[in-house]
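Asker: Chain residues, written in single-letter form:
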Amino acid sequence: MEKKFNRLLMLLIALTLQFSYAQEITISGIVKDANGLPLPGATVLIKDSSTGVSTNFNGIFLIQANQGDTLVFSYIGYTTQEIIVSTSPKIDVILKEDAQSLEEVVVVAYGTQTKESIVGAVGVVSSDVIETQQVTSPLRALQGAVPGVNLITAGGQPGNNPSIRIRGFASVNLSQEPLIIVDGAQFNGNLNTISQDQIKSISVLKDASSSALYGSRAANGVIIITTKTGNINQEPKVSIRSQIGVSNPTIGIHNLVEPEGYLKLTWQALKNTNQFTNNQSATEAAQNATNGLTGYLGYNPYNVQNPIDTNGNLVNGANLLWQSNWEDEVIRQDYLRTNHNVSVSGGSEKTTYFLSFDYLNEEGPVIPSNFERISTRLNLTTKVKDWLKLGLNTSFSRSRSNNPDQTSSTTAQTISWIYGISSIYPIYARDANGALLLDDAGQRIFDTGNGIVTGQPINSVRPTFNGENLLANLTLGKERRIRSNYLASAYAELTLLEGLTFKSSLSYENYLFDSYSFDDDKIGAASGDDTKGRVTQDRTITSTLNAIQAINYKNTFGKHNISLDAITESYTRTDDDVFAQGIGFLPGVENNDGATNPELVGGNIITDRLNSYLGRASYNFDKTYFAEFSIRTDGSSRFAENNRWGTFLSGGGSWIVTNESFLNSNNILSYLKIRGSYGELGNNQTTGFFPYESVFLTGFVNESNPGILLDGISDINLEWEKIESLNIGIDFNLFKGVLSGTIDYYNKESVDLILEKPLAPSLGVTNILTNVGSIRNYGWEFSLNSKNIDTESCTWTTGLNFSLDKNEWTKLPEEETVQASKLWKVGNSLFDFYIREWAGVDPADGQGMWYMDVTDANGDVVDKVTTKDYDNATRYDQNKTSLPDIQGGFTSFVKYKQFDLNVLFNFSFGAYLLDSDYSGLIDPFQFPGSSAHPDNFKAWQAPGDITDFPLLLVNSNNNTSRSTRFLFKNDYVRLKSLTFGYNLPQGALHRFGLSKLRLFIQADNIWTWQSHKGIDPEQAFNGITNNRSPLSKTIASGVIIEF
Amino acid sequence: MKKIKRHNRTIFLLIFTITTILSCSKDFLNEPENTAGLPESIVFSEREIIESFESGIYDRYKSQWDNDLGDGVNNSSPDTGGLYAQYFARTVKGNDLIQAVTIFRFDYGHENREPNFRRTSFAWEFNYEIINYANIIIRNVASSDLDENTKKEFIAVGKVFRAFHYFQLALEFAPNYNNDRSVAKIPVYTSPATGSTIPAKPSPLSEVYALIINDLKEAILDLPEERLGKSYIRKSVANGILARVLQVTQDDWALASASARAAYGGNSASAVVSTNWRTGFSDLSDQEWLWGHFQNGSNETNFFWMSPHPFFDHLVLSYNGTYINPNFRDQFSSTDIRNNFFNLYNVEATEPWREFVSTKFSFAFTSDVPLMRKSEMVLIDAEAQYQLGNELEAKNLLFTLQSNRDSNAVMSATTGQALLNEILLERRKEMYGEFGVEWFDAKRYRLPINRDPVHRIPMNIPADSELFVLKIPESETDANPNMDTSINDDI
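Respectively, the protein sequence lines represent chains L and S. Residues in the first sequence are numbered from 1 upward in steps of one, following the working numbering. Residues in the second sequence are numbered from 1 upward in steps of one, following the working numbering.
It should be emphasised that the hints constitute simulated quantities derived from the structure, not laboratory data. Using N, Cα and C, we set each Cβ at its ideal position, and we do this for glycine too. Incorrect hints may appear among the rest.
Stated by the list, open to error - Residues on chain S that point at chain L, a partial pick, calculated with CB under 10 Å:
1. Glu40
2. Asp68
3. Pro202
4. Gly229
5. Asn320
6. Asp478
7. Pro481
Bound-form chain L, shown alone (with noise of 0.2 Å):
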């Protein structure tokens, strides 16, 4: 019915238009693709006047054209297609799918390019991929998406932004993080200030060539984040998403044993010491164990005095008064995660804007942690003259959370104070004989374990963690953060020739970093008549200001295409801190305004800046043979003024064989491209921001009396460090897309490190800040996608790409540097365990053994035998390493008609993980009242028992020091984010008077394998634990809704 009033309609528009126009014809015909689909929206324009128009919905177009005129039809993505208007007034056109403009433009260092043009290696991760998870911090997002960037959150606060390496460890001692660019300066805030809705694109510049413009900042890597924009001559389009999920604990934490296996075992380790170390006959060391074990432990939670019998059991009659579960006292099950956006797009003929807000309130596992943020943008660009072009991008975000610690060391860490404080140590104060102590009001009160009531001869000091009660801590304490970021940046494009464009960019960010803390004036560290609570603030404001001037030409001559441009840049970053801490506070009075004491204030302004001057050439032919061509000199304000000056050049190629004729006639490479980069790159980005000279620290004090203290010493010839980077890849793709890929090799080479060389601690100092040493990063990286299924109502897609990356000493100062657990040597990477051997228990003495190598006189080993000295023990490179031999992601995507699926696993094999969250489990009877694996039942009883677990002991020993006993295999695969949607079909769409209505399902972490238990395998780059709290999996369902 439709078709038919158009055709009449039609009919009759063209006899009237022949009418008054008789030396004109009126050329109509339909506009489709190559599967005969009509195409609605297709231009078609007069070539070299303004006359065009738009085909309709059913692809068809109606013009009034000369004889003789050219008619150009083009459609976003298709090759233009150009007709001369002969007699005939019937024109149908198939319009062919344009492999080079569907290309996807990927931004790169200052400015965008064709996928194809690329020369170096460029990964990227856009808004489809980011939509499908649930990262409040969103470059959680790369993960197992891009290869070669390593990922890695350590513990489980919600907002914890992740540690990212890209290619490997370029440096050592300086940041090893990648640069960060929004919308197109360096980005000094908090990234959890960024919501995932906001971003169109992430950008991974891995090569030396695409992030040589960054020059000196750019050796980790660049991540080029990119906000979305409205469309010229776009309706605005309202989109509104909402998620509410759940989420619990991924791993959890080690198992503990309860109050009757801890005394049990802390008796058994009692009665070991007084046999075996103190000679004490065996039925005298049982004796002693009885009669000492409470007072060993200092509490008694059963109602005997001495619990524990001397053939180690529990006595008859003994009832447990208390048991304290601290693990479900402060971490959370089923908590939220509530996530909902709106956004806004448009744009008229000269203006386009995008507006975005979001709101996300996310708990984390333990208590009170949470985030809760509000994020906005607004992105506007308008054309004012056809010269001139002008755009703002503006965000505000603010974000407040509860922090409580959950990864330093100290006591009053979460998984710190599990781990180390047992469950026989009540939570609530308890008197001599075991009932609970009330205050005046009848109320409990926290146990702090430091002695509450005077005199009290049991349960009342602690051995461990002393004046604090982790459940007071966290409920009656305060750990808030604000983070506050405000970032705009402002440009000018102008036109002022054909192809010659000067871009001026003003981009300014100012991020506060507000931190307050409260200590209860009544329970823990800051109670008693010294303190009376303590209120610590400290506010940051890091603000950046970056200026931008570009000049670009871009031109054709034929079938040479040329780009050239000349940057500057000049950067400053001012850090301004100011802290204040004070003590003395009325009950209920939590703020500084009321302390009457004020302990501690402090403060510094700092500044560090960059100047840059850059070129860069690109020159095509015939877009198959691409060359580019970078120069950067950096001056950095962190070294000296003779040092200062670092120049970096950096050249690629590529070329696209599949354009040549000669490969024009097969059928099953439809794709190839050839790449190859090298260059260098600078970093300078040290802790400090005068590294070059040590000075004398202020803020000492002693009689009231000024106080300076020298810190350390310094090397005032320090100077930048260089990344020598090459990269060779391949992008191809097979039976026209069915199979894609890119494949890259890369070897980077980071020379001058600048180290923390290490001093004999005789010389006053422990290390100093040289360029010494060279490390080398090289590895493979694959990509691989296919299209498994492709009809109309369904399609399969699958994804994987992984890499191997290696790392190596290429040079250091020293022959061998022992660092910890790992030993620095040409050869040997950053990460190889270098520790002492483990060789099992005798089953005579239960002794602990290792390895030791014995040498003759000439110092050869001649043998490796056992010995039960830890300290005579030898240490070996063990050829692990804690970084993955492979690692990467797989992604699949299923669409049957409404319904998609899209999983993404990511895995890494090969790490290993030196456990100390286990080791710090077992037998840690030397550390009365520490927390204690199950483990330790197997330990070592009797002459004759075979097991891999020494006897307990309450002295010092080394039967849990660092060794390949604690070296695990740190294998793992992760289900990281399942999503599953339906889609309202378009009829029903309509309806309502929506273009899109989507309910979903998504499940984040939801599924993980591992091959060491008991806790999360994403720990630490070095392979080390700390303690760190749960990741959390999620699962929430949700919204989209788009009118």
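Go by the hints and put chain S onto chain L.
Answerer: Only chain S this time, still in chain L's reference frame:
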């Protein structure tokens, strides 16, 4: 026309751009200043700033020391936090006091001495850090443009610091000086470290002590008596340190006596008068105190990190960690003002070691910590007189203190070794808990530490046992080409 306009605009913009690019970038990069602190050139230009360097060192003594000042991370713990911790670790090694299961339990058990243990690395790194500071003061003051008096004073201060810390190193890492003076354990440096300094090979003890004594003698000549406060080192403290050093070398008792006298002022009767007994040993202003850590409870406090007070005091919230050996307690007469022991917990039937606590030290964030007192100097004088053969003078000096503390005290009737033993016992009774007097005397007089069975960890440490010596840390043998792990072979 339009084209010309456009052309003008282009030229204007190009000129603008080029000017921007070439505009003085030198100033742009020179402008930022290192506001984190003061450069060396400024520090040694004024007396007041050098003084603040000295003040900084005392802050370091009494705070939470760790081996990296500027990294913003504290890797230390209360048993390795500063000078106080070094002294308290010695305190818990004896027989007179019994330590509960606190952080000092490894020192109490004489276990904390392996090359990778924190007692060892702390004792090494802390003392060497201050020695380097001392060498920085000595060199930079000498080459400064300050007036001669100021130069003399601060070079002398530097020398006292250097001597004091080499003395501590020799006590911790070498066996008794008089057993074998050729034992080489301690590398010696007399100039500040630079990035290219080659770590020294260990010097024989004779050379280490020669430097210590020489530094102290020279410094005493140049030091004034006036000081900014009692936590500062000047003439009397330097004399006191010299007296202690000579107690170890035992080869110049006349100078030991003279130095002790210079330190306590010569009048023993007025010197021993103390206001701190029965008031908690926490007040630096006592005339009897020569040197101490100052705390004010607000910006100058080390909280629960300090020792000995938080460990001794059982009447406030703290570690309640130190008990008194009943046999030591029995050495005090009932009229001795220092007899402030009592049974707080009444658990002696099941845990005899917990019978007695002492109120010598009362803990608050304002508690000052004694490092050197005149009474000690009077007793050094007594010891020196004994060693010089003047037993009567020795007894008189001893009695000066005894009679001040106990109205019923009777002058000693003993002679010979018994008199010396009495002097040494009086030292323990007067100074227990302060700087490890029992351990110090055992080490220098080659005495055993035989613990009574009442102890939580009873053990007998023979005279000259290797347990009196810490091993050289692994970090040193790893990084010093002139030293390897064989240095620990004999201990």
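Asker: Using the nearest Cβ pair, does S:Glu40 come within less than 10 Å of chain L?
Answerer: 7 Å, holds
Asker: Please verify that hint: S:Pro202, Cβ, nearest Cβ of chain L, below 10 Å or not.
Answerer: 9 Å, holds
Asker: Holds or violated: S:Asp68 as interface residue toward chain L, Cβ cutoff 10 Å?
Answerer: With a minimum Cβ separation of about 7 Å from chain L (threshold 10 Å), the hint on S:Asp68 holds.
Asker: Closer than 10 Å between Cβ atoms is the bar; does S:Asp478 clear it against chain L? Give me holds or violated.
Answerer: Hint holds; S:Asp478 Cβ to chain L Cβ min 6 Å, cut 10 Å.
Asker: At a threshold of 10 Å, is the proposed contact between S:Pro481 and chain L supported by beta-carbon distances?
Answerer: Holds. Min distance 8 Å.
Asker: Is the hint on S:Gly229 kept, meaning its closest Cβ partner in chain L is under 10 Å away?
Answerer: 4 Å, holds
Asker: Checking hints one by one. Is S:Asn320 an interface residue toward chain L, by the C-beta closer than 10 Å rule?
Answerer: Hint on S:Asn320: holds, closest Cβ of chain L at ~5 Å, below 10 Å.
Violated hints: none; the structure is consistent with every hint.
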